[in-house]
Amino acid sequence: MNGLLRIALKLLLNDKGKFATLVIGITFSVFLMMQMTSMFSGILYQSAANIVNVGARMWVMDPAVQTPQNSIPMPNYVLDSVRSIPGVKFAVPFYVGAGLVKLNDGTYQSATIIGLDDASLFGRPTIISGSIMDIYQNNAFIMVKDANYAKLGSPKIGTSFEINDHRAVVVALAHTPVPGLFGLPTLYTTYNRATQDLPSTRYLISYILVQPKSTQNIAAIEQQVKQLGYLALTDQQFITRNDRFYEFQTGMGTNILIMTLISFLVGLSIAGETFYMFVLDNLEHFGALKAIGAKSGELIQMIVFQSLVVGFLGFGFGVLLSSTMIAIAKLKIANYAAMVTYENLFLAFIMVLIISAFSSYIGIRKVIRIDPFDVFRG
Amino acid sequence: MILTATKISKSFGEATNQTYALREVSFAVDFGEMLYIVGPSGSGKTTLLSIISGILRPDDGDVVVKDVDIWKLGSDALAGFRLQTIGFVFQDYHLFPRLTTLENVAIPLILRREPWDKSLTEARKTLQVVGLAEKENLPPYKLSGGEQKRVAIARAIVAQPDLLIFDEPTASLDGDTGRKIVAFVKEHILNAQRAIIIVTHDSRIYEYATRIIRMEDGRIVPGTGADHEK
Ligand SMILES: Nc1ncnc2c1ncn2[C@@H]1O[C@H](COP(=O)(O)OP(=O)(O)O)[C@@H](O)[C@H]1O
Ligand SMILES: [Mg+2]
Chain S
1 MNGLLRIALK
11 LLLNDKGKFA
21 TLVIGITFSV
31 FLMMQMTSMF
41 SGILYQSAAN
51 IVNVGARMWV
61 MDPAVQTPQN
71 SIPMPNYVLD
81 SVRSIPGVKF
91 AVPFYVGAGL
101 VKLNDGTYQS
111 ATIIGLDDAS
121 LFGRPTIISG
131 SIMDIYQNNA
141 FIMVKDANYA
151 KLGSPKIGTS
161 FEINDHRAVV
171 VALAHTPVPG
181 LFGLPTLYTT
191 YNRATQDLPS
201 TRYLISYILV
211 QPKSTQNIAA
221 IEQQVKQLGY
231 LALTDQQFIT
241 RNDRFYEFQT
251 GMGTNILIMT
261 LISFLVGLSI
271 AGETFYMFVL
281 DNLEHFGALK
291 AIGAKSGELI
301 QMIVFQSLVV
311 GFLGFGFGVL
321 LSSTMIAIAK
331 LKIANYAAMV
341 TYENLFLAFI
351 MVLIISAFSS
361 YIGIRKVIRI
371 DPFDVFRG
Chain E
1 MILTATKISK
11 SFGEATNQTY
21 ALREVSFAVD
31 FGEMLYIVGP
41 SGSGKTTLLS
51 IISGILRPDD
61 GDVVVKDVDI
71 WKLGSDALAG
81 FRLQTIGFVF
91 QDYHLFPRLT
101 TLENVAIPLI
111 LRREPWDKSL
121 TEARKTLQVV
131 GLAEKENLPP
141 YKLSGGEQKR
151 VAIARAIVAQ
161 PDLLIFDEPT
171 ASLDGDTGRK
181 IVAFVKEHIL
191 NAQRAIIIVT
201 HDSRIYEYAT
211 RIIRMEDGRI
221 VPGTGADHEK
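Protein sequence lines correspond, in order, to chains S and E.
For reference, each letter of the first sequence is one residue, going 1 to 378 in the working numbering.
For reference, each letter of the second sequence is one residue, going 1 to 230 in the working numbering.
FYI, nobody ran anything at the bench for these hints, they're computed from the structure.
These numbers come from a predicted model, not from an experiment.
Only pairs whose alpha carbons sit at most 20 Å apart, straight line, appear in this in silico PhoX-like list of lysine-lysine:
1. S:Lys226 / S:Lys213
2. E:Lys66 / E:Lys7
3. S:Lys89 / S:Lys213
4. S:Lys156 / S:Lys145
5. S:Lys295 / E:Lys72
6. S:Lys10 / E:Lys142
7. S:Lys10 / E:Lys118
8. S:Lys18 / S:Lys366
9. S:Lys102 / S:Lys145
10. E:Lys135 / S:Lys10
11. E:Lys135 / E:Lys125
12. S:Lys145 / S:Lys332
13. S:Lys151 / S:Lys332
14. E:Lys142 / S:Lys16
15. S:Lys102 / S:Lys156
The whole structure should be built from the sequences, with the hints applied where relevant.
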């Protein structure tokens with residue numbers, strides 16, 4: 001390493017108090033930012049669980065629908081109209097709704113009921129025990145074995161309970177990639193049974209799942225559906241729509257955004273303040289270096305280096321700490337929704353760079369103005 | 001001549017409370033000299049020292065060091081000039097408390113982009129010259145005042161500068177230590193390839209000067225500096 005940077009590093013490391021304050025301050029700030037954004041990412045990800053789990057390329061819905069949790073039923077003619085749009089390979093009805101399950105011990109539990117198109121079973125989950133074909137048996141339901149499985153008394157194949165006063169029998173257990181956000185058990189059945197057994201409005205179809213013939217047809221399908229007075233979205237667009245809803249139309253998004261900003265400002269002020277003190281403490285030394293013959297650019301290098309060192313260390317420790325915390329929380333809490341994404345890491349990294357840049361800036365301003373004559377005069 | 005200063009003037013402050021620290025000061029220093037600049041406090045000694053060493057820009061006049069008119073240099077070139085040519089012993093040392101004594105001494109070499117290990121090896125040799133070899137790993141504040149002064153001297157000479165500048169080298173030292181240090185400098189550090197300029201008002205060390213310039217009120221007292229003065 002360049003000798004001057006080595007000196008800079010020694011000046012920093014040997015000031016143990018300030019060094020620790022700087023690293024801990026940035027670590028703490030990164031930790032908080034990562035917690036906030038990871039939690040939010042987890043919430044967004046899990047709130048879009050149905051979209052991912054069903055895996056349809058396109059979804060047709062009422063234009064007022066914002067999230068997959070709240071569907072607005074559509075009349076049957078829409079399905080026929082969608083099917084006749086050129087470029088549509090196939091379109092199937094899809095039901096999502098809530099059912100009230102009465103367990104054998106007499107207690108109640110709400111559950112998400114998903115109804116798959118009877119003919120194709122499009123959007124079916126991965127079966128882990130039993131057979132998908134048993135879904136056609138009387139009163140058959142397939143239970144998703146996830147964190148909320150135990151809420152229905154951990155049913156086995158053959159277990160029965162009542163859903164909305166109709167008998168229901170578990171015929172298979174299934175797995176879905178993304179757990180839901182709302183802590184509800186999930187039961188799959190056929191579209192027909194779901195719409196018969198659950199009290200519903202005049203219209204029945206929650207969503208129409210569409211497979212376009214090719215990606216090129218998507219825009220035209222969206223256009224055609226729009227003319228029907230409905231909304232067609234690709235799965236990605238639907239996920240984005242769901243994200244936007246949580247980000248901007250619930251208190252959650254703005255609050256988490258504000259908390260993230262506050263964590264950033266806390267880190268910025270702790271690091272900025274401490275770094276400023278550090279530079280002030282070393283000001284006469286920087287002045288002596290200047291008098292001896294260090295160029296301004298070299299002093300700037302030293303300061304930038306010092307601030308980057310604490311920034312990177314704080315970033316590393318902060319990410320490590322929050323990842324560990326999230327990993328532990330996920331082990332302990334079944335429904336814990338948090339995930340560290342590259343976007344979150346990138347955001348935290350940018351914020352750390354801003355903290356380092358700000359700290360350097362106030363340090364550099366000071367150091368540039370040192371007059372070596374003042375050092376000389378004592 | 002290693003250094004020629006011609007008609008140096010410097011004032012501080014504006015209009016009404018302007019003070020003239022230096023008025024047309026001219027003098028020259030030759031290789032092998034240990035020149036003292038003496039005079040009462042406020043007479044302009046430190047100001048003069050700063051100007052001839054490239055730290056403080058004069059209002060007027062030229063300073064030529066080893067054929068370079070230093071105040072015609074840009075700021076980076078001037079910093080380079082100080083680094084290559086001048087060794088400073090500041091009045092209050094300005095040693096780095098968070099570096100070891102050895103690292104402190106090595107700084108001018110590190111600033112000259114010498115490799116780290118070579119810089120420390122040279123610094124170690126120089127610490128031996130000033131008799132502090134066994135203190136190299138201590139931070140400077142663990143040393144006595146006289147030892148710190150010697151560390152500052154070691155740092156000033158480690159890069160073999162042509163011109164050594166001392167401001168009040170005996171201030172804050174007891175008389176005996178001060179004298180010993182100046183005697184040491186004259187015996188071991190002064191040679192025919194360099195010059196040493198010492199600012200002091202400590203008459204107890206005048207005996208070591210090869211020449212003394214006396215200043216008063218921003219001017220060199222006429223007739224001084226022409227010869228040895230005791
Ligand atoms: N930065 C400054 N601002 C204002 N006046 C100064 C400054 N530096 C020196 N002076 C004035 O210049 C004069 C000479 O000061 P100095 O060179 O420090 O004298 P000496 O070193 O002989 O005691 C004094 O009157 C001092 O007050
Ligand atoms: Mg002085």
